[in-house]
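> Here is what each chain is made of, one letter per residue.
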Amino acid sequence: MKSKNYFRLFATCIPVRGYSESAIYDLDRAKILPVPNLLYEILLLTPSLPVDEIKRKYSNEFDEGIDLYFNYFIQNEIGFLTNHPDRFPLLNYQWDTPHRIINAIIAVGDWETSEVGSVLGELDALGCRDVQIRHTVFVDPQAIHTYLSPLRSGRLKSIELFLKYDERYDLNDLSGLIKTNARVSRITLHSMEKSMADKKMQENEHPKIRYTDKKIDSSTPEIISSDRFMISMDTFFEALQYNTGLNRKICIDENGDIKNYFDQKAVFGNIRTTRLADVIASPDFQKKWGVGNDQVVKCKDCPFRYACVSNSDLKLNDAGEWEKAYSCSYDPYQHVWAGQTASRRQHEHERAKPAPQPRAA
Amino acid sequence: MQNEDGILLFFPEGLREQLPVNYYLLRKPDVFKVQTLTVVSDFHDSSFYVVGRPAKPISTIL
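Quick note, the sequences are listed as chains A and B, same order. Residue 163 in the working numbering is what sits at position 161 of the first sequence, and the numbering runs on without skipping anything. Residue 463 in the working numbering is what sits at position 35 of the second sequence, and the numbering runs on without skipping anything.
Accuracy of the hints is not assured; some may be wrong.
[Claimed, not checked] Each computed DSS-like pair below joins lysine-lysine, with the alpha-carbon atoms no more than 30 Å apart:
#1 Lys-300(A) <-> Lys-484(B)
#2 Lys-484(B) <-> Lys-289(A)
#3 Lys-484(B) <-> Lys-210(A)
#4 Lys-217(A) <-> Lys-484(B)
#5 Lys-317(A) <-> Lys-484(B)
#6 Lys-202(A) <-> Lys-484(B)
#7 Lys-216(A) <-> Lys-484(B)
#8 Lys-484(B) <-> Lys-201(A)
#9 Lys-484(B) <-> Lys-196(A)
#10 Lys-181(A) <-> Lys-202(A)
#11 Lys-166(A) <-> Lys-210(A)
#12 Lys-181(A) <-> Lys-484(B)
#13 Lys-166(A) <-> Lys-201(A)
#14 Lys-484(B) <-> Lys-302(A)
#15 Lys-484(B) <-> Lys-33(A)
#16 Lys-217(A) <-> Lys-201(A)
#17 Lys-166(A) <-> Lys-484(B)
#18 Lys-267(A) <-> Lys-484(B)
#19 Lys-267(A) <-> Lys-289(A)
Simulated from the structure, these hints should not be mistaken for laboratory data.
The task is simple: from the sequences and hints, build the whole structure.
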């Protein structure tokens with residue numbers, strides 16, 4: 003049989019260019035593989051040119067490196083050789099969803115149980131997929147049962163609960179909440195003393211219950227780091243067009259004020275006077291949904307821009323470009339996270355095998 | 429669809445998430461004769477409705 007002369011990446015392994023380094027997103031295995039920009043350029047040629055022709059295009063200067071990388075990709079199931087590259091089309095990069103709201107965060111202060119139930123009912127009617135509820139004061143588990151019960155036959159897919167630690171919470175009650183309400187994805191008890199939180203975490207045997215000393219409310223800042231990346235087909239394709247943090251998200255703070263995210267000043271109404279359906283239909287509320295990382299200063303040069311789910315507010319700078327109000331500590335121009343030296347710039351993700359130096363011309 | 433290079437599989441997106449088959453296995457072309465996988469988005473709520481697992485982080489506060 004004739005040897006196969008084209009190299010193709012698997013359709014779910016997608017190269018993404020960054021300013022100083024590129025990446026291959028392995029969307030099946032939820033991994034990002036950093037690669038040099040030169041290799042990115044080479045990979046773009048693979049659907050249309052045989053490997054030998056690609057090598058010739060670079061005056062055979064990088065033959066050894068190309069062979070090393072392609073063999074590495076084949077061994078690690080990132081790509082394959084074929085004589086028929088046209089038989090392996092790219093994925094459809096379009097993205098849409100039936101959910102009018104994808105996810106929501108409710109910071110519940112001293113609310114009536116019926117108010118929580120009412121908001122959850124509205125979110126369910128909007129097809130909201132995932133909800134995070136941050137209780138900032140003690141709430142009786144029975145009240146949680148009360149507002150969760152109607153959702154058992156609803157469309158909500160997951161509910162994450164943050165409960166302010168109180169000794170009245172009993173592990174059996176919390177386990178019962180999870181057992182009775184399959185949509186509860188996790189319960190976190192927050193605002194504990196650190197020593198107690200550490201001890202509880204060590205002793206903890208329930209996979210869906212965790213403890214933290216951190217105070218959780220609407221002002222809790224986000225942490226942006228590589229271990230918070232979301233590498234999935236859904237997020238990747240959404241990120242090509244939309245802001246994956248803010249798109250179809252709705253947040254309600256302790257006062258009942260409705261926002262895109264908590265750190266934003268703009269308030270679009272209050273749950274006691276405004277229907278969520280009216281808020282999300284507003285063009286002002288939707289304004290930042292479509293500002294994906296490709297449009298944001300610094301982010302557009304980052305190879306991780308399609309895995310980042312930052313909820314940071316966006317503002318227009320003097321040049322009319324979008325900037326994030328909260329910028330992460332990654333520098334795409336040096337390919338380094340703050341706190342790392344250039345020699346330790348390799349991050350948590352696996353790094354592709356380095357190519358040898360090109361032959362001297 | 430089968431040819432000399434293997435089998436081209438098409439999965440509807442909703443089904444992909446629910447299948448017990450791990451993509452990891454499907455990515456072993458020498459064993460399973462699967463060269464690539466194409467996902468077809470159907471944009472409908474899946475009838476295989478699994479609950480209790482968020483699709484992506486809602487916020488990264490912890």
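> Decide, hint by hint, whether the structure agrees.
Hint check results:
{"no.": "1", "hint": "Lys-300(A) <-> Lys-484(B)", "verdict": "holds, 23 Å"}
{"no.": "2", "hint": "Lys-484(B) <-> Lys-289(A)", "verdict": "holds, 22 Å"}
{"no.": "3", "hint": "Lys-484(B) <-> Lys-210(A)", "verdict": "holds, 16 Å"}
{"no.": "4", "hint": "Lys-217(A) <-> Lys-484(B)", "verdict": "holds, 22 Å"}
{"no.": "5", "hint": "Lys-317(A) <-> Lys-484(B)", "verdict": "holds, 24 Å"}
{"no.": "6", "hint": "Lys-202(A) <-> Lys-484(B)", "verdict": "holds, 26 Å"}
{"no.": "7", "hint": "Lys-216(A) <-> Lys-484(B)", "verdict": "holds, 22 Å"}
{"no.": "8", "hint": "Lys-484(B) <-> Lys-201(A)", "verdict": "holds, 29 Å"}
{"no.": "9", "hint": "Lys-484(B) <-> Lys-196(A)", "verdict": "holds, 28 Å"}
{"no.": "10", "hint": "Lys-181(A) <-> Lys-202(A)", "verdict": "holds, 20 Å"}
{"no.": "11", "hint": "Lys-166(A) <-> Lys-210(A)", "verdict": "holds, 16 Å"}
{"no.": "12", "hint": "Lys-181(A) <-> Lys-484(B)", "verdict": "holds, 22 Å"}
{"no.": "13", "hint": "Lys-166(A) <-> Lys-201(A)", "verdict": "holds, 17 Å"}
{"no.": "14", "hint": "Lys-484(B) <-> Lys-302(A)", "verdict": "holds, 21 Å"}
{"no.": "15", "hint": "Lys-484(B) <-> Lys-33(A)", "verdict": "holds, 15 Å"}
{"no.": "16", "hint": "Lys-217(A) <-> Lys-201(A)", "verdict": "holds, 17 Å"}
{"no.": "17", "hint": "Lys-166(A) <-> Lys-484(B)", "verdict": "holds, 24 Å"}
{"no.": "18", "hint": "Lys-267(A) <-> Lys-484(B)", "verdict": "holds, 25 Å"}
{"no.": "19", "hint": "Lys-267(A) <-> Lys-289(A)", "verdict": "holds, 14 Å"}
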